[in-house]
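Modelling step: build the complete structure from the supplied sequences, incorporating the hints.
Under the working numbering, the very last position in the sequence shown is 279; numbers go up by exactly one each time.
What the hints contain is simulated information worked out from the structure, not anything from laboratory work. Owing to the predicted nature of the structure, the values given are computational and were not obtained by experimental measurement.
Cβ pair distances, simulated, as ranges:
#: 1; residue 1: Glu-40; residue 2: Ala-190; range: 34 to 42 angstroms
#: 2; residue 1: Arg-247; residue 2: Gly-123; range: 32 to 40 angstroms
#: 3; residue 1: Glu-253; residue 2: Gly-82; range: 37 to 45 angstroms
#: 4; residue 1: Arg-77; residue 2: Ala-190; range: 22 to 30 angstroms
Glycine is no exception: its CB is placed at the ideal position from the N, C-alpha and C atoms.
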Amino acid sequence: MRLATWNVNSIRARVDRIVDFAVREHLDVLAMQEIKCKVEQFPFAAFEDAGFHVAAHGFSQWNGVAIASREPLENVRTAFPGMPGFEKGHNGPDAPQEARAMGATVGGVEVWSLYIPNGRSLGDPHYFYKLDWLAALEQYTRESLTANPDLALALVGDFNIAPTDADNGVPQIVQGFSTHVSPPEREAFAALQAAGVTDVVRPLVPTGFTYWDYKQLRFPRNEGMRIDFILGSHAVADAVTGAAIHRNERKGEAPSDHVPVVVDLDLEGPDDDDRPMIF
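What follows is the structure, encoded as structure tokens:
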């Protein structure tokens with residue numbers, strides 16, 4: 001299975017580019033974030049014409065997630081248990097949920113396309129919402145893997161966290177002043193890993209960012225961040241045969257500010273797939 005995650009920053013603005021990449025790279029599963037459209041506005045036909053099944057979850061021009069798959073999507077969900085909601089000025093457990101998560105089972109792998117809240121600024125209500133959201137995801141992950149230690153679970157998407165200093169190449173983003181690098185965020189990311197998932201890309205791709213802001217020549221200066229991840233349970237991590245961060249997708253006409261992250265999984269043994277690894 002070739003699995004990818006990509007914050008596409010508006011699916012309607014980039015659908016041709018995204019479908020072309022999925023076909024060219026022989027993707028089996030593509031998890032997308034920030035589709036920025038309602039479900040009825042999603043360009044399903046472009047993916048279906050290319051041979052993909054698609055499930056999408058979005059309410060408006062903000063947020064939104066989707067999964068495209070060569071195989072049918074099973075057990076599609078648009079929230080995990082305990083996932084909190086958010087609305088400005090609204091406190092309490094009944095705040096409306098945003099379109100930030102979609103889970104589905106594909107080829108025996110439980111894949112979650114996740115768009116973790118940004119946090120906005122330290123001390124902002126959205127920052128505490130982000131921490132609550134991550135805590136709920138950690139609890140769901142821990143409970144799922146405690147119940148089934150051999151579950152093939154992949155948490156993929158835009159986590160809006162640079163877990164180490166090496167993942168942050170933006171001089172203006174510093175601890176004590178910025179989100180994405182604060183100790184509570186990094187601790188939440190570490191807690192998620194302690195729940196039973198690991199970063200399956202970094203061991204094979206030791207350098208490289210996944211996001212560069214459009215402003216201030218961030219990309220030409222390579223002032224980026226690594227905030228897009230594929231985290232896998234041991235059943236997923238043990239099956240990884242290759243990984244890549246597709247930096248060139250930040251180039252060209254009207255790119256997203258994020259690039260795809262891709263892994264190859266050998267889920268059936270050495271004779272399952274004769275495609276080359278993607279180092």
